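K.L.:
Residue numbers (my numbering), protein chains in the order written: chain H, 1 to 610; chain G, 1 to 211.
Careful, some of the hints might be misleading.
Unchecked claim - Have a look at the derived ranges for each label pair, beta carbon to beta carbon:
(1) H:P552 <-> G:R44: 48 to 54 Å
(2) G:E132 <-> H:I444: 48 to 54 Å
(3) H:P552 <-> G:P90: 35 to 41 Å
(4) H:T564 <-> G:V70: 53 to 59 Å
Said to hold, decoys possible - To be clear about the criterion: a stretch of chain H counts as covered by chain G if any three or more of its residues have a C-beta under 8 Å from a C-beta of chain G, and this derived list gives those stretches:
(5) 138-147
(6) 429-440
Claimed, not checked - Far from chain G, some chain H residues (derived; all Cβ distances over 10 Å):
(7) F24
(8) I289
(9) L308
Rather than coming from a laboratory, the hints here were simulated on the basis of the structure. The model shown is predicted, which means the values in this text are computed figures rather than measured ones. C-beta atoms are modelled at their ideal positions from N, C-alpha and C, and glycine is treated no differently.
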Amino acid sequence: MNWVQIAWIMMSAASLTLGVIHLFAWFKQRSQYAHLLFFALAVSAAAFGVFEIEMMHAQSSVGYAAALRWAHVLLAMVVLSIVWFVHFYFDAGRLWLAYMVSGVRLLALGLNFVTGVNINFHEVSALDQVLLWGGAVLSGPVGVANPWAIVPQIGNVLLVAFVVDASVTLWQRGGPVAHRRAAVVGGSLVVCITAVAGFAALITSGLVHAPTIVMPGVFIVVLAMGYELGWDMIAAAQLAVQLRTSEQRFRAVVQAVPSAILLVDDRGMITLANAQAETAFGYRREELIAKPVEMLIPERFRVPHVGLRSAYAEDAQARAMGAGRELLACRKDGGEIPVEVALSPMPAEEGLFVLVSVVDVTERRNVERATARQRDEVAHLSRVAMLGELSGSLAHELNQPLMGILSNAQAAQRFLAADDVNLDEVREILDDIVADDRRAGEVIRRLRALLKRGEVQHAPLDIGNVVDDVLRLTRNDLMNRDVAASAELAPDLPTVLGDRIQLQQVLLNLVINACEAMAGVPGTPLVHIRARCADGAGVEVSVSDRGGGIPPGDLERIFEPFVTTKEHGTGLGLSICRTIIAAHGGRLWAENDGAGATFRFTVPPRLHAE
Amino acid sequence: MTSSAPTVFVVDDDPSVRRGVERLLRSAGLAAEAFASARDFLERYDCDAVGCVILDLAMPGFDGLQMQQVLADRGSALPIIFLTGHGDIPSSVRAMKRGAVDFLTKPVNGDDLLAAVRNAIGRCEALYREREEIAGIRRRVATLTPREREVLAHVLSGKLNKQIAADLGTIEHTIKVHRARVMQKMQARTLAALVRLAQRAGIEPAPPTEG
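Could you put together the complete structure from these sequences and hints?
P.N.:
Rendered as structure tokens:
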């Protein structure tokens, strides 16, 4: 054995080894045809190496010609493997060119067996013995070239064209990986194919007397492709490590977040739950994993929730759940807790996962409730104080019907005492008494409602009724102050959501303020109440006076607590009004018009969903 | 100078109070007439009517106190009883100062209201009687000649016939005759009666003689 044999055998063995490795890789990932094609290339190359040793050591020209003829089978396999490897691995190259290269190579293979002694030679007349460095003696062919040898040469040109085109396309896609791949694989292919095919053409044409040396070129191609595929496997392995690290990080974050976190798959099953979720819902993790997420929802909402979940999957976006409604979650012990839920979609190959973050808002709700209670209490106190100011006027409202009742009743007593009783008259009297009694009852009802320290209830209401109530309550007071009042209600006012008593209080406060602003101001005192549709939605109510207006610097300051422009004011009225309106989701502000000040407040409309 | 039965005018903007009070008055046999506003009343009332007004203090636009003022300006003799939903002291003082006969707070007991009404009507009638009387005296004064009126004025200032004669530049006897005619025309039997009649008719005594 000379060193050439040893080198060729080593190249074949190395090719075979690489091929087998990628055969295994292909078994693991059947969709990666590049591995399979590389295997085909490597095995063909290995076998070709053996044939080439045979050719180089052929003792007769007939043996040489036969070995070359059969070596072309392997060479064809090498070419086909290269074409389709490039096509799949680069995901580039013109398909028609790939078919053409394949077709020409198969045609050459056919011609290889039917013309001459092989596709290269019409006949091999003799063998040149070439002495190489190190004492190796190799056989080189001498003979007449096969005229059909142009076919594989055209094939080689097409192959180079295909590879160049595919490499350029890949390069143009940009990125370091594409550039490297195009340079290493494309470059080595072009160089090796050109070198090998050129050298072979020189030998065949008889210009050079040397043994055909193809194997090193093929082996370089195998190495270049193997190197690239190896890179891919290393990158995949690195990716797997990164993935594992990132998953560990994700789990660590999920554990560290102060809220309860659940990961729910597209079937609604819980696939991940953190320690906070265990605490919040009272289940152990094993009890949560692979269970439907509906187990954490009160029973009455479970069926609709399934529908909502699939609706979410249709248009998955990171958002808060429930669109402003108060959400309840169900604990293992059956207790229900108010929660806020945020949803973020996490699309994965297996389907849509949803990351659910749940915050227990029991504590916050309690604080909010306590604040609201305090606000309502202050509002109530201020209401009582305000009614104190109106007491004279309210006494009048009550004394009117009482007067009617008493005089009617005593008149009736006198009529009945007479001999000639006019029963029609008595009937009318009774009707009047009943009407007056109702009227007195109505006054008392209104008063009681205002004085009562009841639960504040936001219910659908007609703002027109609130305006009417306030005008009735202040009728006498306005009269005593010689103030005229007018109301203008738009005909298409929407129903609003609010507490009737608190809204009455606000309007009452504004009307009394308007009257006081006009005391001692020359001109005809007039309070004008107007209710119209607000610019956005809901209702805007305004109270205008002719009291000369508010200094521009005070327009905002008057809403601060303990700021008053009145001699005996507490400075709380307007600040309480503002908190009441804010609690209704509206706005209260003041502005000046020509003759005086206008206070405006808005109340949002009743939601259709309620 | 009216002989018709006394009428009670009810002025109140509250229809049920108005009707109730009107019925109460009718049940007591009194003629009543109701008005929904002070303006209404001022346009339509009979200025010679005998009776009284039951007037609501607080009414929109034109209130009870303003109406009282207008009636006073017109020289009406109708007594006013004020009714109010809630009595505030300043307005009641003002009302009484301007001559209201009563100031009652709603709801007022029927008997109290009727008593107040009867009292007011009594006053009104007394006032009319007095006016009648004064008118009678004035008629008698009108029958006196200018010389007799001069003599009367001097008599009222307490002068003797002799002094009067000296002041008027005539003799005592002539004065005596005039004086007898005055007593006769004025239907006064005594000097005291003559003085009282003259006072009620508003005749001024003559100024005292100088020197």
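K.L.:
Go ahead and decide if the range 48 to 54 Å is satisfied by the Cβ distance of P552 (chain H) to R44 (chain G).
P.N.:
52 Å, holds
K.L.:
Holds or violated: the 48 to 54 Å window for the beta-carbon distance between E132 (chain G) and I444 (chain H)?
P.N.:
Holds, at about 52 Å.
K.L.:
Run the C-beta distances from I289 (chain H) to all of chain G and say if the shortest one exceeds 10 Å.
P.N.:
Given a closest Cβ separation of 75 Å, the condition holds.
K.L.:
Does the hinted range 53 to 59 Å hold for T564 (chain H) and V70 (chain G) at CB?
P.N.:
40 Å, violated
K.L.:
Please count how many residues of the stretch 138-147 of chain H have a CB within 8 Å of a CB from chain G and say whether that reaches 3.
P.N.:
Since 0 is below three, the answer is violated.
K.L.:
Mind checking, does the stretch 429-440 of chain H have 3 or more residues with a CB under 8 Å from chain G?
P.N.:
Since three or more residues must qualify, the claim that chain G covers the stretch 429-440 of chain H holds, with 5 doing so at under 8 Å.
K.L.:
Given the hint of 35 to 41 Å, check if P552 (chain H) and P90 (chain G) actually sit that far apart at their C-beta atoms.
P.N.:
This hint holds: roughly 37 Å between Cβ atoms.
K.L.:
Evaluate the condition: distance from the CB of L308 (chain H) to the nearest CB of chain G exceeds 10 Å.
P.N.:
The claim stands: L308 (chain H) keeps its Cβ more than 10 Å from every Cβ of chain G (closest is about 59 Å).
K.L.:
Please confirm whether F24 (chain H) is truly not at the interface, meaning its C-beta sits more than 10 Å away from all C-beta atoms of chain G.
P.N.:
104 Å, holds
Checked against the numbered hints above, the structure violates hints 4, 5; every other hint is satisfied.
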